[in-house]
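Going down the list, the sequences are from chains A and B.
Per our numbering, residue 1 is the first one in the first sequence, and the count goes up by one each step.
Per our numbering, residue 1 is the first one in the second sequence, and the count goes up by one each step.
By construction, these hints were calculated from the structure, which means they are not laboratory data.
Here the structure is a predicted model, which means the values were calculated and not measured.
Please note: incorrect hints may appear among the correct ones.
[Unchecked claim] Lysine to aspartate or glutamate pairs mimicking DMTMM-like chemistry, simulated, CA-CA at most 25 Å apart:
(1) B/K178 x B/E263
(2) A/K207 x A/D176
(3) B/K29 x A/E96
(4) B/K29 x A/D72
(5) B/K29 x A/E69
(6) A/K186 x B/D315
(7) A/K194 x B/D315
(8) B/K157 x A/D86
(9) B/K141 x B/D247
(10) B/K29 x A/E31
(11) B/K29 x A/E170
(12) B/K29 x A/D86
(13) B/K29 x A/D46
(14) A/K207 x B/D16
(15) A/K95 x B/E263
(16) B/K29 x A/E214
(17) B/K178 x A/E31
(18) A/K186 x B/D378
(19) A/K207 x B/E263
(20) B/K178 x A/E69
(21) A/K194 x B/E263
Listed below are the residues making up each chain.
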Amino acid sequence: VSSVPSKSSGLAEVVPIGARRAASSRFAEDEALVLALRGGDRAAMDALVDKYATYVERVLARIVGYDSELPDLVHDVFVTALDSIDGLRQAALLKEWLRGVTVFVARGCLRRRRRRRWLTFRPDDELPDVASDVLPSNTADALARLYRVLGRMPPDECIVFALRFISELELAEVADACRVSRTTVKRRLQRAEKRFAAEAGRDPLLKEWMNRGERWKEQP
Amino acid sequence: VNGRDDFLRDLAAAQDEVLRQRSIAGGVKARVRQTLARRTSRRRTWLVTLSVAAAALGVVAIVAVARRAPLTFAVGDAGARGELGAPIVAAEAKPVDLVFSDGSYLALAPRGRARVTSIDERGAAILVERGRADVSVVPRKNGSWRVEMGPFEIHVKGTRFSLDWDPEAERLDFQLHKGAVVITAPCLAGGRALVAGESLQASCRAQPPEEEGAPAVEAVAPPTRARARGAAPAPSPAWRPRAGAQDYRAALDAALSFGFERELRRSSPADLLLLGDVARLAGDPARAVQAYEAARRKHPTVDRSAFAIGLVEFDHRHRYRAAADWFATYLSEQPEGPLAEEAQGRLMEAWQRAGEISKARAVGEAYLSRHPRGQYADLARRLTR
């Protein structure tokens, strides 16, 4: 008796190939990984971090910038994700779901920073050190200034701007990550773009960088 | 058009450089583990504190469970409350649905006739007197459902299936879509265990004198429903349902105890692919390749066998040149196959990891022209930049 229900790829029923390589061969596929995570498997937790820590770190860095708080945020993303893994409906979409969790954690961070700045009257022009020993000083400075401008924007606008223009996600992906409709993303993007152009245009160094391309170039 | 600009692209690339050199991802695992361990310890403290209250609540819970109400069911579009034992008849051109309070249902096709003969908190017994029915039973712990047609009984825990019962010919035509069932009847000695995708066509009507006593079971067939009149059905290997339940280690163990080599010989190409997946996901790359290669021997261009071997070489053995060869083979065999994008991306990455940057770049260019927004587009752009 031979009976294997299968779709055209033959792999679909049991092993969808959406997932990329993993540190642990046991959990090379996201479905196997999610199944094991739901069963409380510690090795699966390690595999999840191995597989996605770099990705989560990059998404966070795109939104909040690279600074000393980043390790805490990556940690928070994984703890939040592991706490709510039962809420993931399609195991094959683990990466997209994790991106949504990352955006959630990043939003909390941006809001916290805004509150802190307001409560402590921290000077707004203080620049974080963005790895000046890794990058040429001009680039490191521009990067720091970019995130200072983004940090002044409302968190929801900052997030859509960073995901769309820095991470280069599609509108649908941004909407999915932010758990809002495309229309809302478009509306936020319009506002964010306007605000960013105005704010960044006031910074001489960023203005210089912006004038290198066409999109953000100052109109005569 | 994504609206991205050189200025932001340059700064994103600079940020990537920082992340490459200062990535903190490696230290996260230990911290996450610590946090979870702390929580477990805190939870333990809470558990001790709450145990007394839980004991008291337990008494209440036991009483509640003991009094758990039996299931109910509704009949037809109007959702009329169903009555135990009352006949349910589908009109000439209109099906009737029986919907149970746990979400299980039976859709009785036109001209069908059935009745619910018993019901309790664990499930129900349904007698199909005539016609076709689609049945879906919601799986529950201790669930117990039974569907009867003439001499046939289907024992169900949680599953979805279709049946067609012809009382005049005493003939059952059964198809299992999901889960597993056991069908019993006097003419099915020991019953028949079926797993998803299998079908059974059977009749227990007495045979002509020369075949008296022999059951008229026609076939237990795979989804293609190939008939084998008179042929005894082969036993269903235990690994397949376990693979369906994604318990790959158990499935592989079952295949090994059943005889892995024997399975390689007797299985169809599709089964061999599945067996290869089972071995691969259970962490046994050697057996995975054995199964995939057996599938290729039986059917040289079977579906995705080349891709699957490439995956094993890439993910498990880290032999990137071999992986590249297999992904290229897949692409030549199935240039428009469902895994073509993934295969092309993997091919590019395999060449990159093998240090063949010019080959990786060439594949990257081809990839970008076909999949500018694909999941490997970032890598392709980095390589072709």
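For each hint, the structure was consulted:
1. B/K178 x B/E263: OK: B/K178 and B/E263 at ~23 Å, within 25 Å.
2. A/K207 x A/D176: violated (32 Å)
3. B/K29 x A/E96: holds (20 Å)
4. B/K29 x A/D72: Holds: B/K29 and A/D72 sit about 12 Å apart, inside 25 Å.
5. B/K29 x A/E69: holds (16 Å)
6. A/K186 x B/D315: violated (39 Å)
7. A/K194 x B/D315: violated (45 Å)
8. B/K157 x A/D86: holds (23 Å)
9. B/K141 x B/D247: holds (19 Å)
10. B/K29 x A/E31: Holds, at about 21 Å.
11. B/K29 x A/E170: violated (30 Å)
12. B/K29 x A/D86: holds (20 Å)
13. B/K29 x A/D46: holds (6 Å)
14. A/K207 x B/D16: holds (22 Å)
15. A/K95 x B/E263: violated (35 Å)
16. B/K29 x A/E214: Judged against 25 Å, a Cα distance of about 42 Å means the pair is violated.
17. B/K178 x A/E31: Satisfied, since the Cα-Cα distance of roughly 18 Å is no more than 25 Å.
18. A/K186 x B/D378: holds (24 Å)
19. A/K207 x B/E263: violated (68 Å)
20. B/K178 x A/E69: violated (48 Å)
21. A/K194 x B/E263: Answer violated: A/K194 to B/E263 is near 65 Å, above 25 Å.
Violated hints, listed in ascending order, are 2, 6, 7, 11, 15, 16, 19, 20, 21; each of the other numbered hints is respected by the structure.
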